[in-house]
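Take the sequences, apply the hints, and build the full model.
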Amino acid sequence: MAGLYSSSRPSSSSSSSSSSLSSSQQTFTSRLLLLLTLLPLTLAFFAFILQWRGGLTDPITRWSPDPFQFPGMVNSGSNSPSDRRSASGCVDLLGQSRSPAFPYYKDWKFDFGSDLRPKICIISSTSAGLEQTLPWIFYHKVIGVSTFFLFVEGKAASPNVSKVLESIPGVKVIYRTKELEEQQAKSRIWNETWLASFFYKPCNYELFVKQSLNMEMAIVMARDAGMDWIIHLDTDELIHPAGAREYSLRQLLSDVPRNVDMVVFPNYESSVERDDIKEPFTEVSMFKKNYDHLPKDVYFGNYKDATRGNPNYFLTYGNGKSAARIQDHLRPNGAHRWHNYMKTPKEIKLDEAAVLHYTYPKFSDLTSRRDRCGCKPTKEDVKRCFMLEFDRAAFIIASTATEEEMLRWYRERVVWTDKALNLKLLRKGILARIYAPMVVIQGLRESGIFSSIVQSAQTTLSKDKFLTSVESSNSSRVDKPGIISSRKIGVTESQATARRILEITNKFSYNSAIPPLSPPVLDDMHMVI
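Numbering (this note's numbering), first residue to last: 1 to 529.
Among the clues, some could well be false.
Label pairs and their in silico Cβ distance ranges [unchecked claim]:
{"no.": "1", "residue 1": "Thr417", "residue 2": "Val439", "range": "31 to 41 Å"}
{"no.": "2", "residue 1": "Lys343", "residue 2": "Gln442", "range": "39 to 49 Å"}
{"no.": "3", "residue 1": "Lys201", "residue 2": "Lys178", "range": "46 to 56 Å"}
In silico DSSO-like links for lysine-lysine, alpha-carbon gap of 27 Å or less [what the hints assert, rightly or not]:
{"no.": "4", "residue 1": "Lys178", "residue 2": "Lys210"}
{"no.": "5", "residue 1": "Lys278", "residue 2": "Lys186"}
{"no.": "6", "residue 1": "Lys362", "residue 2": "Lys379"}
{"no.": "7", "residue 1": "Lys210", "residue 2": "Lys419"}
{"no.": "8", "residue 1": "Lys419", "residue 2": "Lys278"}
{"no.": "9", "residue 1": "Lys419", "residue 2": "Lys296"}
{"no.": "10", "residue 1": "Lys163", "residue 2": "Lys210"}
{"no.": "11", "residue 1": "Lys304", "residue 2": "Lys428"}
{"no.": "12", "residue 1": "Lys304", "residue 2": "Lys424"}
{"no.": "13", "residue 1": "Lys346", "residue 2": "Lys383"}
{"no.": "14", "residue 1": "Lys296", "residue 2": "Lys428"}
{"no.": "15", "residue 1": "Lys210", "residue 2": "Lys343"}
{"no.": "16", "residue 1": "Lys163", "residue 2": "Lys278"}
{"no.": "17", "residue 1": "Lys178", "residue 2": "Lys155"}
{"no.": "18", "residue 1": "Lys163", "residue 2": "Lys178"}
{"no.": "19", "residue 1": "Lys379", "residue 2": "Lys304"}
{"no.": "20", "residue 1": "Lys349", "residue 2": "Lys428"}
{"no.": "21", "residue 1": "Lys343", "residue 2": "Lys362"}
{"no.": "22", "residue 1": "Lys362", "residue 2": "Lys296"}
{"no.": "23", "residue 1": "Lys304", "residue 2": "Lys178"}
{"no.": "24", "residue 1": "Lys346", "residue 2": "Lys296"}
Think of the hints as simulated: they come from the structure by calculation, not from any bench.
The beta carbon of each residue, even a glycine, is placed where N, CA and C say it ideally should be.
In structure tokens:
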């Protein structure tokens with residue numbers, strides 16, 4: 001027994017040693033796991049602090065394009081890391097800055113006044129409200145437009161709208177005042193023949209003349225502002241700079257050869273798929289492509305399907321819009337083109353870029369256009385008021401039909417409800433899905449930029465200053481009794497000049513201004529072939 005007992009003692013000692021070793025290993029493993037867990041967390045926190053303080057460049061973005069700028073917005077000046085950090089919105093965001101936030105910019109000024117080239121401006125004559133003009137302005141800022149000359153009337157000239165527009169950097173608001181009317185009545189345009197056939201006619205003809213006069217004034221403003229390019233665009237149109245290396249109008253125009261004076265953007269027309277569209281820029285993605293961007297056999301082979309019983313392939317115009325290089329003797333040639341008093345400008349037409357025209361995208365557009373014109377709803381009278389067949393038909397139906405009849409007509413003529421036909425024309429290339437403007441504008445809206453601008457404009461002006469500005473702007477409007485209306489531009493003071501127009505022989509002979517024109521019809525097919 002004693003021997004047995006004595007032989008068991010080493011065994012007990014060995015068991016105790018193994019238990020101690022196992023416990024030590026467990027402790028070491030736990031500490032190692034804790035260290036491995038805390039180390040990456042510590043490093044991540046350290047890296048975050050360095051980035052926040054501006055002391056570390058993210059290796060992921062080191063070789064990528066500038067994360068704080070949209071494509072085509074690379075500054076030709078300094079590009080040092082310190083400059084980029086100062087342009088970043090990170091510090092402002094973490095610091096609870098009250099400036100409006102946008103993913104690529106510090107604030108909503110969009111580098112206004114920077115040295116980015118070429119400098120592009122847009123001139124527009126508009127009566128639209130903020131729900132349309134704000135997305136329109138900022139979309140074009142994103143793609144590289146720096147300056148806007150807005151000739152405002154109607155709703156756009158109301159104090160609540162115009163004061164917001166005036167608060168946006170790069171936007172110049174021009175009111176249709178008595179002084180403006182008198183200045184435009186002295187324009188050399190009235191003494192020339194290229195626009196004479198549009199004078200002293202109502203509705204669309206009157207608008208066409210007014211746009212041309214506004215374009216003439218905008219050329220002078222653009223030159224004074226140091227602009228390189230000028231574009232006339234309506235607020236229901238968006239430039240789609242497809243074909244550029246980046247989604248950038250600035251990039252697109254910077255690639256144009258120096259000897260080119262004018263660039264033509266063929267227009268695409270919106271093809272709405274519902275009759276309850278409220279915000280066309282973010283609800284419409286299907287467009288009908290222009291004749292110039294289609295093979296001729298595809299265009300004429302699908303003409304009847306694409307027309308759907310309407311007078312023409314497009315509901316309205318099909319001859320696009322253009323950008324002109326700012327130079328001496330530049331003049332408008334109607335709302336769709338530019339020209340030069342001293343030479344025939346060299347013009348190119350873009351193969352991919354386009355103007356997206358949101359044509360009658362809302363059912364309410366029928367009545368709103370009707371309310372802007374006082375013509376009689378007869379086939380004969382509408383010819384002196386409207387240049388295009390669909391506009392004439394739309395005016396007559398909006399003036400004579402019931403609400404239910406108008407809606408039925410709108411669905412048949414404007415809304416693309418036949419999904420099988422839509423798919424067929426999409427496959428043929430007649431129709432196209434374009435999402436870029438929708439994405440950009442939706443991103444702007446979700447960033448809160450539009451609401452921030454409105455709030456900023458309301459708080460910038462004191463109550464007394466705002467009321468004074470309202471009274472001043474109202475007193476200068478031309479739509480008050482006793483002040484000449486835009487329909488009578490130059491009539492009272494230029495009757496003699498108007499009578500002399502046909503007797504004048506200019507030193508230079510010009511073709512007539514280019515009006516809105518419909519695309520080719522089937523009868524033109526043999527001419528093309």
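* Which of the listed hints are not met by the structure? -> 1, 3, 5, 7, 13, 21, 22, 23
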